[in-house]
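These two chains come separately, so use the hints to put the complex back together.
Sequences listed follow chains G and Y, in order. Under the numbering used here, think of the first position of the first sequence as 1, with each following residue one higher. Under the numbering used here, think of the first position of the second sequence as 114, with each following residue one higher.
Hint data in this document are derived by calculation from the structure and do not stem from the laboratory. In this text the structure is predicted, and so the values were computed from the model without any measurement. Hints are not guaranteed to be accurate.
Stated by the list, open to error - Derived EDC-like pairs (lysine to aspartate or glutamate); straight-line CA-CA distance at most 20 Å:
| no. | chain 1 | residue 1 | chain 2 | residue 2 |
| --- | --- | --- | --- | --- |
| 1 | G | Lys-49 | Y | Glu-215 |
| 2 | G | Lys-68 | G | Asp-84 |
| 3 | G | Lys-112 | G | Asp-54 |
| 4 | Y | Lys-184 | Y | Asp-151 |
| 5 | Y | Lys-170 | G | Asp-94 |
| 6 | G | Lys-52 | Y | Glu-215 |
| 7 | G | Lys-108 | Y | Asp-151 |
| 8 | G | Lys-56 | G | Glu-8 |
| 9 | Y | Lys-116 | G | Glu-8 |
| 10 | G | Lys-77 | G | Glu-63 |
| 11 | G | Lys-56 | Y | Glu-215 |
| 12 | G | Lys-112 | G | Glu-8 |
| 13 | G | Lys-49 | Y | Asp-151 |
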Amino acid sequence: GNSVTQMEGPVTLSEEAFLTINCTYTATGYPSLFWYVQYPGEGLQLLLKATKADDKGSNKGFEATYRKETTSFHLEKGSVQVSDSAVYFCALSDVNSNYQLIWGAGTKLIIKP
Amino acid sequence: DVKVTQSSRYLVKRTGEKVFLECVQDMDHENMFWYRQDPGLGLRLIYFSYDVKMKEKGDIPEGYSVSREKKERFSLILESASTNQTSMYLCASSVDSQWYQETQYFGPGTRLLVL
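Extracted from the complex, chain Y is given alone in its bound form (with noise of 0.2 Å):
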C-alpha cells in the first residue's frame, strides 16, 4: 500500500514565526501536492512538483514556497506565517501520467494553527 506520511498533526505558531510542514512518500511517485482544506472550499491547490527540484505554482501559492530535494519528500514552507494561514494541510502523491488523472494518495493531515 501506498503509503503518505506528514510530520505532524497538529502545530501551534505564532505570527511571524517561518513553519516547515514535511511530506514523505514511499512509492517511488513522480508527482507530490500540498492542498489546504477549508470548510465550505474543499481543496485548494498550493504548490505541486513532478520532480525533484521542480515545482509548479497552484491556486493559491502567495506566502507560501516548497522545497523538493529528494524525490520522496516534499516540503510546505510559511516564510512568515499569518493568522489566515490557519487550515488543515494535505499533502499528496501520485505517479505520473501524461494524459490523464491518476489516483492522488493523501496522509493524514497537519492542522495549523497560527495564533
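The shape of chain G in the complex, shown without the other chains (with noise of 0.2 Å):
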C-alpha cells in the first residue's frame, strides 16, 4: 500500500544553517505529494505541493522536487530563521488511496538563534 517515510526529529539547527528534511515514499499509482508545516500552537497549513514527477514546489523560499527515480520529496531552504521552527508533515494522495491524504510521521525543525 501507499506510504510516507520521513526523517525523523527533533532536528536542530542554527539561524541561517541550511535545511534538508528527507521524504519517500511508496506509491503504486502517480502520486501528488504535499508539504504541510504546523507552526506551534496552530493546525497545518499546505507549504507546497507538486502533482508530477520532476516539478519543483515552492514557497516561503521552501522548495522540493517530485523525483520518481528516487521516489523522494525532500523539503530544503538555503538560510532557516528561527521563525520556521515548526512541525513539518510530508503527505501523497493518489488514485489508490482514494485520493485520501497518506501522511508522514511529521519532523520537528528546531531553529537555534
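Take a look at the structure:
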C-alpha cells in the first residue's frame, strides 16, 4: 500500500543554516506530493505541493522536487530563520488511496538564534 | 481566506463521558475530515464526509462517530471516552475534486485529555 517515510526529528539547526528534511514514499500509482507545516499552537497549513514527476514546489523560501526515480520529495531551504521552527509533514495522495492524504509522521524543526 | 474553527482548544473529560467536538468551515467546502494527531504517528484519519449526511470511515473509526447535518458543520462524537482517546484532534475541509487532492484547510485543533 501507499506510505510516506520522513526523517525522524527533532532537527536542530542554527539560524541561517541550510535545511534538508528527507521524505520518501511508496505508491503504486502516480501520486501528488505535499508538504504541510504546523506552527506551534496552530493547525496544519499547506506549504507546497507537486503533482507530477520533476515538478518543483516552492513557497516562503522552501523548495521540494518530485523525484520519481528515487521516490523522494525532500524539503530544502537555503537559510532558515527562528520563525521556521515548526513540525513539517510530508504527504501523498493518489487514486489507490482514493485521493485521501497519506501522511508521514512529521519532523519537528528547531531553529536556534 | 478559508477559516476552519473548532469549538474548543482544550477539553478535559472523564472516562465514559460522551464527548462532542465541533468543527465549522466558512468556505462552502464539500469535504470535511477528522484526524487525530499523536507524536510519532503523524495524522490518522478517523472519518471524512463528502456531502451533507454522508460519511466514510477512515483508518481508525473505532470508538468514534460523526454527524454532518449542515454543509458547514462536521461533528466528531466519542460515544464513551477512554484514556486511549487522549489526543490532539484536527478538523480539515477541502473543495471536492474527483481526480486529485485539493488543499486541505485545517482548524487549530482540540487537545483532549481523558482522565
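| request: Take the C-alpha atoms of Lys-68 of chain G and Asp-84 of chain G, compute the straight-line distance between them, and say whether it is at most 20 Å. | output: violated, 27 Å
| message | Check the hint pairing Lys-112 of chain G with Asp-54 of chain G against an upper bound of 20 Å on the C-alpha distance. | response | Roughly 33 Å between the alpha carbons, so the hint for Lys-112 of chain G and Asp-54 of chain G is violated.
| message | Does Glu-8 of chain G sit within 20 Å of Lys-112 of chain G, going by the straight-line distance between their CA atoms? | response | Answer holds: Lys-112 of chain G to Glu-8 of chain G is near 18 Å, not above 20 Å.
| Under the criterion that the straight-line Cα-Cα distance not exceed 20 Å, is the pair Lys-56 of chain G, Glu-8 of chain G satisfied? | violated, 23 Å
| Given hint Glu-63 of chain G paired with Lys-77 of chain G - CA-CA distance at most 20 Å | Roughly 6 Å separates the two Cα atoms, so the pair holds.
| query | Are the Cα positions of Lys-56 of chain G and Glu-215 of chain Y separated by 20 Å at most? | reply | holds, 17 Å
| Are Lys-116 of chain Y and Glu-8 of chain G close enough, with their CA atoms no more than 20 Å apart? | Roughly 31 Å separates the two Cα atoms, so the pair is violated.
| request: Below or equal to 20 Å on CA atoms is what counts here, so check Lys-49 of chain G against Glu-215 of chain Y. | output: holds, 10 Å
| message | Hinted pair, alpha-carbon criterion (20 Å max): Lys-108 of chain G, Asp-151 of chain Y. Please report holds or violated. | response | Holds, at about 13 Å.
| CA of Lys-49 of chain G to CA of Asp-151 of chain Y, is that 20 Å or under? | violated, 24 Å
| message | Can you confirm whether the C-alpha distance between Lys-170 of chain Y and Asp-94 of chain G stays at or below 20 Å? | response | The hint holds at about 18 Å.
| Are the Cα positions of Lys-52 of chain G and Glu-215 of chain Y separated by 20 Å at most? | holds, 15 Å
Hint compliance for this structure: hints 2, 3, 4, 8, 9 and 13 are not met, and every other hint is.
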